Amino acid sequence: MLDRNKIGHEFESFSADVEKGRIRMFANAIGENDPIYTDESAAKESGYKTIPAPPTFPFVMDMEAKDDLPVVKLLDLNIGKILHGTQEFEYFDRLYAGDTVTISSKIADIFDKKNGALEFVVVENTYKNQQGALVVKSKNTLVYRNGGHG
Amino acid sequence: MGESTVEVGTKIPDLILPAITRANLALYAGASGDHNPIHIDSDFAKKAGAGDVFAHGMLSMAFLGRMLTDWQPLSALRKFSSKFTAITQLGDAITCSGEVVEIVKNEGERLAYCHIFAANQKGDKTLIGEAVVVIGSNCNGK
Numbered sequence: 001m002l003d004r005n006k007i008g009h010e011f012e013s014f015s016a017d018v019e020k021g022r023i024r025m026f027a028n029a030i031g032e033n034d035p036i037y038t039d040e041s042a043a044k045e046s047g048y049k050t051i052p053a054p055p056t057f058p059f060v061m062d063m064e065a066k067d068d069l070p071v072v073k074l075l076d077l078n079i080g081k082i083l084h085g086t087q088e089f090e091y092f093d094r095l096y097a098g099d100t101v102t103i104s105s106k107i108a109d110i111f112d113k114k115n116g117a118l119e120f121v122v123v124e125n126t127y128k129n130q131q132g133a134l135v136v137k138s139k140n141t142l143v144y145r146n147g148g149h150g
Numbered sequence: 001m002g003e004s005t006v007e008v009g010t011k012i013p014d015l016i017l018p019a020i021t022r023a024n025l026a027l028y029a030g031a032s033g034d035h036n037p038i039h040i041d042s043d044f045a046k047k048a049g050a051g052d053v054f055a056h057g058m059l060s061m062a063f064l065g066r067m068l069t070d071w072q073p074l075s076a077l078r079k080f081s082s083k084f085t086a087i088t089q090l091g092d093a094i095t096c097s098g099e100v101v102e103i104v105k106n107e108g109e110r111l112a113y114c115h116i117f118a119a120n121q122k123g124d125k126t127l128i129g130e131a132v133v134v135i136g137s138n139c140n141g142k
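Chains as they are written, first to last, in the working numbering: chain R, 1 to 150; chain D, 1 to 142.
By construction, these hints were calculated from the structure, which means they are not laboratory data.
Be aware that one or more of the hints could be misleading.
To give an idea of the chain R side of the interface with chain D (calculated C-beta under 8 angstroms), a few residues [as the list claims (entries may be wrong)]:
| # | residue |
| --- | --- |
| 1 | 9 |
| 2 | 38 |
| 3 | 39 |
| 4 | 40 |
| 5 | 41 |
| 6 | 42 |
| 7 | 54 |
| 8 | 60 |
| 9 | 64 |
| 10 | 86 |
| 11 | 91 |
| 12 | 117 |
| 13 | 120 |
Distance ranges between label pairs, derived from CB positions [to be verified]:
| # | chain 1 | residue 1 | chain 2 | residue 2 | range |
| --- | --- | --- | --- | --- | --- |
| 14 | D | 110 | R | 40 | 28 to 38 angstroms |
| 15 | D | 11 | R | 63 | 29 to 39 angstroms |
| 16 | R | 73 | D | 5 | 43 to 53 angstroms |
| 17 | D | 11 | R | 4 | 13 to 23 angstroms |
| 18 | R | 78 | D | 125 | 33 to 43 angstroms |
None of the values given here were measured: they were computed from a predicted structure.
In this text, a Cβ means the ideal position worked out from N, Cα and C, and glycines have one as well.
Take these sequences, add in the hints, and give me the full structure.
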């Protein structure tokens, strides 16, 4: 069983830059051709102050933590047994190219189903820009398959 | 799309994707920073009992995001969630769909609550989610 004492654990917050090239690369990888993600003038013509990040991009920022996946280290998870269960975003504004975003993350819950064969880890994140404004909140659930360790 | 055209029952235009390739997964891993080898290393995936690499759930969620922002501007998106209900395998051709299920007026805004999902070529739903989108405001870019 995963350590229930880790419920409420707050990870060390960290900052990461929202890079224009990274947005372009990400848009390309998901097949997104809207020029607002690559061309500053197109973004401005559509009313954005500069190039915005696509809707799921905050998850990309999660990956900028010092440890590859802090929750994997904290709970000593076998990465081959993790599935992504749910993902939620709530938007108050957008992330823009050139922003420096500060991400704070905590373990909101750990619970199990099927007599512990499946465990669920709920992680909540907030994303604030360099002005300190809350831009996005996210919540994700990881599913951990305990069956047949190895 | 104008305000008057979005009502309960309005369908979000489908987004139809080509079959998922290993190259898609490698590109997405690199671009997203999600380097979990289960998505890019067949040897690792086999050892983990998965048979082969499979797609990142977040790649399909990004497809759902494309569908939403093809329909309404990025700046209109207030909430976006997904449950990952089935694994997307190599070769799966994903179609994203959605529908407005409720319109709520709140502080002068008109919010469309949408049910959205991604399904493979067999019709199995791989992601089921919800989105809340502001309709008809000229809030482009804020």
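Structure-based check of each hint:
Checking residue 9 of chain R against chain D: minimum C-beta separation of about 21 angstroms lies over 8 angstroms; hint violated. With its C-beta approaching chain D no nearer than about 13 angstroms, residue 38 of chain R sits outside the 8 angstroms limit, and its interface hint is violated. For residue 39 of chain R, the shortest C-beta to C-beta distance to chain D is roughly 14 angstroms, which exceeds 8 angstroms, and the interface hint is violated. Because the smallest distance between the Cβ of residue 40 of chain R and any Cβ of chain D comes to about 12 angstroms, over 8 angstroms, the interface hint for this residue is violated.
For residue 41 of chain R, the interface hint is violated, the least distance from its beta-carbon to any beta-carbon of chain D being 13 angstroms, above 8 angstroms. For residue 42 of chain R, the interface hint is violated, the least distance from its beta-carbon to any beta-carbon of chain D being 11 angstroms, above 8 angstroms. The restraint placing residue 54 of chain R at the interface with chain D holds, with a minimum CB-CB distance near 6 angstroms, inside the 8 angstroms limit. Interface restraint check for residue 60 of chain R: the shortest CB-CB distance to chain D comes to about 5 angstroms, inside 8 angstroms, so the restraint holds.
A hinted interface residue such as residue 64 of chain R counts as satisfied when its beta carbon comes closer than 8 angstroms to some beta carbon of chain D; here the least separation is about 7 angstroms, so the hint holds. Look at residue 86 of chain R: its Cβ gets to within about 5 angstroms of chain D, closer than 8 angstroms, so that hint holds up. The interface hint given for residue 91 of chain R is met, as the beta carbon of that residue sits about 6 angstroms from the closest beta carbon of chain D, less than 8 angstroms. About 14 angstroms separates the beta-carbon of residue 117 of chain R from the nearest beta-carbon of chain D, more than 8 angstroms, and the hint is not met.
A cut of 8 angstroms between beta carbons decides the hint on residue 120 of chain R: the least distance to chain D is about 12 angstroms, and the hint is violated. Against the hinted window of 28 to 38 angstroms, the Cβ-Cβ separation of residue 110 of chain D and residue 40 of chain R comes to about 30 angstroms, which satisfies the hint. For the pair residue 11 of chain D and residue 63 of chain R, the beta carbons lie near 34 angstroms from each other, so the given range of 29 to 39 angstroms is met. Range check, residue 73 of chain R to residue 5 of chain D: about 49 angstroms between beta-carbon atoms, so the 43 to 53 angstroms window is met.
At roughly 44 angstroms, the beta carbons of residue 11 of chain D and residue 4 of chain R sit outside the given window of 13 to 23 angstroms. The hint said 33 to 43 angstroms for the Cβ distance between residue 78 of chain R and residue 125 of chain D, and at roughly 28 angstroms that hint is violated.
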